[in-house]
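Trainee: Residues per chain are reported as follows:
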Amino acid sequence: MKLYCLSGHPTLPCNVLKFKSTTIMLDCGLDMTSALHFLPLPLVHSPRLSKLPGWILKDGNTMLEKELKDCAGRVFVDSVPEFCLPETELLDLSTVDVILISNYHCMMALPYITEHTGFTGTVYSTEPTMQIGRLLMEELVNFMERVPKPQSATYWKNREMLRHLPVPLKDAVEVLTWKRCYTMPEVNLALSKVQLVGYSQKIELFGAVQITPLSSGYCLGSSNWIIQSHYEKVAYVSGSSLLTTHPQPMEQTSLKNSDVLILTGLTQIPTANPDGMLGEFCSNLAVTVRSGGNVLVPCYPSGVIYDLLECLYQYIDSAGLSTIPFYFISPVANSSLEFSQIFAEWLCHNKQSKVYLPEPPFPHAELILTNKLKHYPSIHGEFSNDFKQPCVVFTGHPSLRYGDVVHFLELWGKSSLNTIIFTEPDFSYLDALAPYQPLAMKCVYCPIDTRLNFIQVSKLLKEVQPLHVVCPEQYTQPPPAQSHRTDLMIDCQPPPMAYRRAEVLTLPFKRRYEKIELMPDLAESLVPSEIKPGISMVTVSAVLQTKDNKHILQHGITDVKVEDTPEGHIVHLQSEDTLVQIEEDSTHIICDNNEPLRTKLRDLVLKFLQKL
Amino acid sequence: MESECVELLPRVFSVLGDAGQTVVDDTCLEKLLDCFRGTTENETELHILQRIPCLTNIIVNVSKQKDIHPNILSFIMKLTGLFAASENYFIQLEDNGIMRHLFGNPKKLGTGAWEEATVRCGWLLGIQNMLQHEAVIEFLYKYDCIDEIIRLQEDPSIFVASTASQLLADILSFSLQHSKHAALGSSSTIQLSNKVTVLHSTNWPDYISPITGHIEDFLKSDITSNVQQALKLLSKVSGTRHPVAVILLWPKIEESVELLLKGDLTGIGQPLAELFLNVSRSVPSEVLELKFWPLLGLLLRSMNQIEALTLASGILKLKNCPQSLRMQAVTTLFQPLNFIIAVTSIQTPEDTVLLDVSSDYRVDIENCLSRKSTCINLLCQILSYLWELLQMSLQTTELPFKALMKSVVTVLRLCIGAAIPITSTVVNISRHLIGCIKVQRGGIDVLGALPQWAAGIEEVDCALTLLHDYVSNPDTDCTVLKKSLQALFRWMSHCIEPVNSHVLEPKLKEFLHGDFMSVMKKRLFDVHWEIRDSTLEFLGQVCFQFKGVESFCQLLGSCGIPHLVLELLSDPESYVRASAITALGKMNYLSPKWQMLPNENSVTAVKVNILSYLLHILNQDTEGFPRRAAIKVLADWLKNSHILSSGELENFIPIILKIGSNDLDWEVKVHTLELAEAFIDRSVSNLSISPCAVLMSNSTGSTQVNVFLQTLCEGHQRSLVHAQLHWQGARNLSAQVFGNKRYSTTAEVQRREANPLLDNKGLPRFSAITVQHIVPGIRQVVQEFREGLQELEKDLDATEHMEKTWESVFNRLEILQFPIHYSWGIVSYLDKVKSTPELRKAYQEIAPLVVRENIRFSQSVPLYNAYKALISENQQLNGIQLRILNSSLRAARHGGVQLNGQTKARFNDIQLQLANHSSKFRCGKKQ
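Protein chains in written order, with this note's numbering: chain A, 1 to 612; chain B, 613 to 1539.
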């Protein structure tokens, strides 16, 4: 049993598990932090960005001047942003049988894998994961395609050049694997390979293993996976949450007794408590709006935004903000808000029960109804007519490199009255803001990450008691910024096995048992004898047949008598009335005109004799 | 005991004495006992036995029965004990042989009922009850009962066991007190010491030697539970009425106690500590043996950490203990903190240790700290003891404050993960402590108590930074935040005290000019209302405290906080609104240099602005707290008008008085009166006449006040009619509703002083109210109510065709009803919670009067017509007023206002009967 690790990002995992005769890909997350090295894609022509000076090598060489731009002391690639793909060279991805998706954030690399590697298998995911994943991909493609960039920088990726580049570009990982975004047809093709599953549904893979998705509590439709054969069990835990936000709570009991537990997708900001951050978010928002400023919240179109809106729904009256407009701008804003209301069965209990009242499960429906929250596909068109300040804008993309957020940063960045509040933890806010420097706007960092923190993990591990834990290497030491916080790492016995990008782990357990079925007529003919109270034994001679990874014992030639003679042995097959005489210098097969049987026996005997 | 009761008793006892009947629930027996206990306590001679002969009968009869129910037997024993507390009766019973039968050693008498725990308990309690004279002791000695009591200490029923040990303690202390050698009544120290010496030289009374022997034996025992038992018994002796007994015992047990102290303390540490503390608390130090204190020191040294903490804090609270022991207790208290400092500090250890002696830590400190529950428990205990110590300012000079400060700061830093651990021990500790609210609370309390003790520039810096971390941390719990703000306030005020200000003020300034104000702003808009509330409270306090500090005023004016506070006046949570109002009120005291809103230039304009906000709240707010806060602030401003130059405010006084006196909330009314008072004072002082002198000299009041007001208002040229009218209204309120001392007539004052039941100007004076006050008091208020109602009805009739106003009907009603509601409320409350036969009698006597008056009130036709007129005349009534009106209408209809003649009479009759029955029922239940 082996684990191939294709991604180095702990919360955007991509691993391949070889288990029995199957090859299973666990998630295919796309590391989008690479986009931070690129200049933002403005929706409207930005004189500031276009006037940035080109970057010149130390020796005065100007060959990269067109591709790299200098902004406030940092170098950015002036091209369409590219993403860091999972490792494709480590194993032949066309041999992957299935891909299991745990949540919609971890499937963004799907088109790259399914469309360009010869993949012929199936993708399994829950319905909300697929639908919201599609929204995320759609949004991404939309962001990229609506502002076409004529030029595409490639020269800087040259190995020779890379060495001369300044940090952090120099230290960027796997630059050569970086790819531009996929297209909508590719997304559609990739998603057509998805097979929808429900929580706790058992899916047989070639009779060899059984896979089961379990609720993981992190977002709509997010799941952990159990991969088990009759005697082995692997649990894949990715992006789980024990907080009671909107999704169905995490299912823990089924994770018990696993031989290996693969643990990814823990919180990225282990010291920040989501509740406190939510409060911080609200009070910062109120203070800004109160003093006449605007608030910009870069966010994904689904997930935490539902909780933010719900929190604001309760908060705005108490803070006297009921007259302040909230805008949600995303190409998929409408679908996201609508989708959230129809996935009732994937929601936590109290939201589910609202459906029977009947009420919409999320209060943002009411915000929309009362015109407090308005949503638009983009800043063009209707939005520009309705736009009123001061206001609060939720829009993507959290990397601040593409999407409508770029426009708002250009618009509001110069005034210190305005505030940008970062709630998505996926991108370092300092890096995200780098190409906008100097920036007068206030920045507040309130990352809200509901995924498991280390205290919860150690509790979970104590409860489910896996024999071995496998996790990204980042989780086996304290975070680099807080090296004294040894409580911020996974601590279990035996110590967890760590993996890093492009590593192959041999998982530490041997398969020792296999289940074999007895055919009923064979079973009937057995007469066990009791050797000890409670234990009976019987010897079985039968034919083992293996098909589709299932093993079956059935009747074959069974009644054999062996006689010793001075020269050798005689094997007597009674039911066939056949003798096999084996002596030192000769072998005879005596049977009654049954030529096929004779040839069969002859071949067998010859085969064994050769082995001797 | 009432005669009705006495009549009932024979029947009750016949039921109890009947073996055929079973008593399921023995709580009624307990009640009966309580009743008798009350009677016997008041009577020295037992008249009750003569009055109720059946009492003796049942004691005699039941004790002779064989197969009696254990509950009843137990009851009889306790009852007999109660009466046998009288020596004569005891002797009488003993002569009858009843004493021997009931209380003689039951083992020897072979009573079968002895198997029941309740009987054993009854036996013990019976003896305890009668333990008032020496005859009892002799009786017990004679029948070997003492041995049995000693044995019962190990009874399987814990009630029996604990009663037995309490009884032993009582016997011991009683007999030592009453023994012929020490028959001195007083307990002055000289006599005591004499007594002690006398006793040492003579023999013990015979009958207590089994007990002392038992104690000595058990103290020497190898079995922990036996030792525990003996120690508990000794502790109990020191807790009895004559605690000195334990000193008499001390020489006998000293040796064994010393042995115990030198041995293993597992399991007996707690009782030992309790014994020592009890003894040193209850016995004057002159009498204590010289060896006592060293022994206590030895105990403190050898106990484990957690138990030692309790003992140490107990020692520190003792007034009479020697200095060395005190120091040892301080060391014990500090050691764990020392340990934490030592393991967290990067500097050389000698720099950080709290006390020089503490280099050798208790072994179990590290143990304690390594487990989460014990670690938190230990720290919480230490912190709370420290806090207590800091509160008792007298004895605190001996504490090493700087080091204490350092350790508390370290612990608090560990709690938010800000301290950097070096060793694995600290990693563990910090893992336990991160986010632990309990420790945070305790630590911040201590920190808040420290500024007066340890406040060098370093400490101030340290404390301010730490508290800032706590206040700005979004994960800080609401209560912790509140405490942090309080602590911060203390430290900040400390910085501007004149003694320190030259050194500390720059530090404070630096702190305030950091991002403190932006944190405050954020907190003002916190999601939790508790945090908003605490922040406002803090800001108000700080503004008031710093009103003279110019730099602060400028900072506050420029950062926009006042503006945000104004916004919070419309917070949905009423507490927050109230706090915002109070904070604004305090901000008004800031020096005139500060500017409220950037776009408004003149300070007065802003103040008018705030004023209009306050008036709006006073007028419109649906909840009481904000209105109370608003009127309080206004009154406060007016009182301090010499500082505030509140010229604008005065123009609004008539309006404020009008709104305030019409308010339904009584606190608002009180504060309105205060405001009026302040206004009068101010106006009068402007005319340079002493108002108090004028007013106080006129007991008849009103006319003089009117005249006075008129002159005053003429001088004041503005709104004279309004002011006067409303002053009148307010005065009426004051006299009738709250009895404001200064303006009410002396007659009224006297009346209230004579009858506390009628004193309705604050909370009821329950301790002063007795049964005797009820009948005359209620009669008086009912009388007043009746007269008032008649007057009101007359007025209403007279103005029947005129338009009614809310004020003319309901304000008068409110004034009319208040005294009777108030006083009658007290009576019915007392009847429910503290009923006595006398009270019930008074209640029954007076209740029909009240009921009748109530009926009259609800059937008052003029009132009913007035309600109807009010509702139909399309008045501008608000929601609350409408609701009151509607419910009054309904009450009148239900009260039978629409009935006539025969039906009305019948209805009233039923009402009265109903009231009568229900009051009888209640009395019956309570007998």
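If you are wondering where the hints come from, they were derived from the structure by calculation, not from laboratory data. Hints may be right or wrong, so weigh each one.
[To be verified] In silico DSBU-like pairs for lysine-lysine, Cα to Cα no more than 35 angstroms straight-line:
| hint | chain 1 | residue 1 | chain 2 | residue 2 |
| --- | --- | --- | --- | --- |
| 1 | B | K1050 | A | K256 |
| 2 | B | K984 | A | K442 |
| 3 | A | K414 | A | K459 |
| 4 | A | K372 | B | K1119 |
| 5 | A | K256 | B | K1094 |
| 6 | B | K984 | A | K414 |
| 7 | A | K510 | B | K1094 |
| 8 | A | K462 | B | K931 |
| 9 | B | K1119 | A | K459 |
| 10 | A | K414 | A | K510 |
| 11 | A | K442 | B | K1121 |
| 12 | A | K459 | B | K1121 |
| 13 | B | K1050 | A | K414 |
[Unchecked claim] Every beta carbon over 10 angstroms from chain A, so not counted as near; a handful from chain B, in silico:
| hint | residue |
| --- | --- |
| 14 | N654 |
| 15 | T878 |
| 16 | S1042 |
[As the list claims (entries may be wrong)] FRET-style restraints, in silico, Cβ to Cβ:
| hint | chain 1 | residue 1 | chain 2 | residue 2 | range |
| --- | --- | --- | --- | --- | --- |
| 17 | A | K414 | B | S1130 | 29 to 35 angstroms |
| 18 | A | K2 | B | C1090 | 22 to 28 angstroms |
| 19 | B | Y1441 | A | E463 | 51 to 57 angstroms |
| 20 | A | N350 | B | N979 | 52 to 58 angstroms |
| 21 | B | N979 | A | N549 | 43 to 49 angstroms |
| 22 | A | H45 | B | S1105 | 33 to 39 angstroms |
| 23 | A | N350 | B | S1105 | 43 to 49 angstroms |
| 24 | B | N1231 | A | G292 | 49 to 55 angstroms |
| 25 | B | P1184 | A | E463 | 38 to 44 angstroms |
| 26 | A | Q389 | B | P1184 | 47 to 53 angstroms |
| 27 | B | N1231 | A | Q389 | 57 to 63 angstroms |
| 28 | B | K1050 | A | E463 | 41 to 47 angstroms |
Glycine included, every Cβ here is placed at the ideal spot set by N, Cα and C.
Trainee: Look at each hint and say if it fits the structure.
Mentor: Status of each hint after checking the structure:
1. Annotation: proposed proximity of K1050 of chain B to K256 of chain A holds, straight-line Cα distance about 34 angstroms (limit 35 angstroms).
2. With a C-alpha separation of about 41 angstroms, the suggested pair K984 of chain B and K442 of chain A falls outside the 35 angstroms cut-off, and the hint is violated.
3. Distance check on the hinted pair: K414 of chain A and K459 of chain A sit about 47 angstroms apart at the alpha-carbon level, beyond 35 angstroms; violated.
4. The straight-line distance between the Cα atoms of K372 of chain A and K1119 of chain B is roughly 46 angstroms, outside the 35 angstroms bound, and the hint therefore fails.
5. As the CA atoms of K256 of chain A and K1094 of chain B are separated by approximately 43 angstroms, the hinted pair breaks the 35 angstroms bound.
6. With a C-alpha separation of about 50 angstroms, the suggested pair K984 of chain B and K414 of chain A falls outside the 35 angstroms cut-off, and the hint is violated.
7. Taken as a hint, the K510 of chain A and K1094 of chain B pair is broken in the structure, with Cα atoms around 58 angstroms apart against an allowance of 35 angstroms.
8. Among the hinted pairs, K462 of chain A with K931 of chain B is inconsistent with the structure: their alpha-carbon atoms are about 51 angstroms apart, more than 35 angstroms.
9. With a C-alpha separation of about 44 angstroms, the suggested pairing of K1119 of chain B with K459 of chain A is violated against the 35 angstroms cut-off.
10. Only pairs whose Cα atoms come within 35 angstroms are accepted, and K414 of chain A paired with K510 of chain A is rejected, the gap being roughly 62 angstroms.
11. Annotation: proposed proximity of K442 of chain A to K1121 of chain B holds, straight-line Cα distance about 24 angstroms (limit 35 angstroms).
12. Note on K459 of chain A and K1121 of chain B: the hinted pairing is violated, with a Cα-Cα distance of about 46 angstroms set against a maximum of 35 angstroms.
13. Of the supplied pair hints, the one linking K1050 of chain B and K414 of chain A is violated, its CA atoms being roughly 45 angstroms apart against a limit of 35 angstroms.
14. Non-interface call for N654 of chain B relative to chain A: holds, since the shortest CB-CB distance, roughly 59 angstroms, exceeds 10 angstroms.
15. At roughly 31 angstroms, the least C-beta separation between T878 of chain B and chain A is larger than 10 angstroms, which holds for a residue marked as non-interface.
16. The Cβ of S1042 of chain B does not lie farther than 10 angstroms from every Cβ of chain A; its closest approach is about 7 angstroms, which violates its non-interface assignment.
17. For K414 of chain A and S1130 of chain B, the hinted distance range of 29 to 35 angstroms is not satisfied, since their beta carbons lie about 20 angstroms from each other.
18. Evaluation of the 22 to 28 angstroms hint for K2 of chain A and C1090 of chain B yields a failure: the beta carbon distance comes to about 51 angstroms.
19. Distance hint for Y1441 of chain B and E463 of chain A: a CB-CB separation of about 53 angstroms, consistent with the stated range 51 to 57 angstroms.
20. The supplied range of 52 to 58 angstroms is broken by N350 of chain A and N979 of chain B, whose beta-carbon atoms lie about 45 angstroms from each other.
21. Restraint check, N979 of chain B to N549 of chain A: a C-beta distance of roughly 55 angstroms breaks the suggested window 43 to 49 angstroms.
22. H45 of chain A and S1105 of chain B have their C-beta atoms about 57 angstroms apart, which leaves the hinted 33 to 39 angstroms range violated.
23. Distance hint check: the CB atoms of N350 of chain A and S1105 of chain B are about 47 angstroms apart, consistent with the given range 43 to 49 angstroms.
24. Judged by the Cβ atoms, the range 49 to 55 angstroms given for N1231 of chain B and G292 of chain A is violated: they are separated by roughly 29 angstroms.
25. Under the hint 38 to 44 angstroms, the C-beta atoms of P1184 of chain B and E463 of chain A, about 41 angstroms apart, fit the expected range.
26. For Q389 of chain A and P1184 of chain B, the hinted distance range of 47 to 53 angstroms is not satisfied, since their beta carbons lie about 25 angstroms from each other.
27. Checked against the hint of 57 to 63 angstroms, the pair N1231 of chain B and Q389 of chain A fails, with Cβ atoms roughly 33 angstroms apart.
28. Hint check: K1050 of chain B to E463 of chain A, Cβ distance near 25 angstroms, so the stated range 41 to 47 angstroms is violated.
Consistency note: the structure conflicts with the earlier hints numbered 2, 3, 4, 5, 6, 7, 8, 9, 10, 12, 13, 16, 17, 18, 20, 21, 22, 24, 26, 27 and 28.
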